[in-house]
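Asks: Chain by chain, the residues run as shown.
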Amino acid sequence: MHLAYPAVLAVLLFCVGLYGVLARRNAILVLMSVELMLNAVNLNLVAFDVWLRDTLHAGQALTLFTITIAAAEIGLGLAIVLLVFRHRGSSDIDRLTGLAEPHGPEVPHGPDATDARPAPAADDEKAEATA
Amino acid sequence: MNLSAAAHPGFLSPTGVEITFVLIGLATLGAALLTVTTRQLVHAALWLVVALGGLAVEYLLLTAEFIAWVQVLIYVGSVVVLLLFGLMLTKAPIGRSADADSENRLVALGVAAAAAAALVWVVVDAFRTTWINLHGAVQGSSRATGESLFRHWVLPFEALSVLLLAALVGAIVLSRRDTGSPADTATPADTATPADTADVPAPAAGKEHT
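Taken in sequence, the protein lines are chains A and B.
According to the UniProt record's numbering, the first sequence is numbered sequentially starting from 1.
According to the UniProt record's numbering, the second sequence is numbered sequentially starting from 1.
Fair warning: there could be bad hints in the mix.
Where chain A lies over chain B, by a calculated footprint (3+ residues, C-beta under 8 Å) [what the hints assert, rightly or not]:
{"no.": "1", "segment": "48–60"}
{"no.": "2", "segment": "112–118"}
{"no.": "3", "segment": "134–148"}
None of these hints come from the bench; they were simulated from the model.
Remember, it's a predicted structure, so these values are computed and weren't measured experimentally.
Ideal Cβ positions, reconstructed from N, Cα and C, are used throughout, including at glycine.
All chains should be modelled from the sequences, with the hints used to inform the complete structure.
Replies: If you want it as structure tokens, here you go:
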């Protein structure tokens, strides 16, 4: 088998995951895209391990480690997303701007009261915060 | 395939393994594209199952059978179930949701397309004539993987178990509802549940109307 086939497939999967991470709004969909990127890396590791006939099986051992780390990552990520949802009432990462640089009219970002109730849009949130 | 043909194999005379690999790769890529573009959140998780299962078949075609079954067990079995639980617990809307993608979708598309073009060009240019010999001893059988894992990779393996334990403890600590004094750890978990669930559905109901 040509090595180009698994390598190109891994590249395309990685870029699909990259698009998902950048374009998705729900935090859980972003986590799914991260899984796609990790799987692309796994495919590369397996293909190169089979190509090089590594006697230490380094590629496959690293693939197993990556799968385990991905499982730990998805558990912790979901715990964080659930915590954010419980505090803010939303898991849209576009609205989680508590650490953003303030520009324009100042929006008070408290962890309670105003932010626990999600506004329909970001500019509505600003409007009702300045009003 | 004899050795003279394996020395300079062309792209125009693919073997059966290559044809299968490309077909399943196209299915995997299509499922991945649907995962990142569909507007129904639960369907995204189900398309992710198709993509990860297709990758497991690709591992089998690359003779890495242990990795393939680990992929099926961990990814398809547990990670997707965790994601579905996460979708349910964050009250994701069932059906079509209009705001699944953010406004910077075109920028993301440009970045992803540029990265894909550059990486495909580099990878194809680098590995155009490289040939994987899939015949001979199976590279990824359970015996070979287990022997190398427990002979050469024991220390990372054990360190990884500690990492998993730390992740488990961290997830439990993050998911605890009571953040008060440690004296009353047993009762607030029961009493806090109706109160917390009572004030959470109000924003979710408001979100569905918008």
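Asks: Apply the coverage criterion to the segment 112–118 of chain B and chain A: a residue qualifies when its Cβ sits closer than 8 Å to a Cβ of the chain, and three qualifying residues are needed.
Replies: With 4 residues in contact (Cβ-Cβ under 8 Å with chain A), the coverage given for the segment 112–118 of chain B holds.
Asks: Would you check chain A against the segment 48–60 of chain B, counting CB to CB pairs closer than 8 Å, and say if three or more residues qualify?
Replies: holds (count 6)
Asks: Tell me if chain A covers the segment 134–148 of chain B under the three-residue, 8 Å CB rule, please?
Replies: Answer holds; 6 residues pass the 8 Å Cβ test.
Checked against the numbered hints above, the structure breaks none of them.
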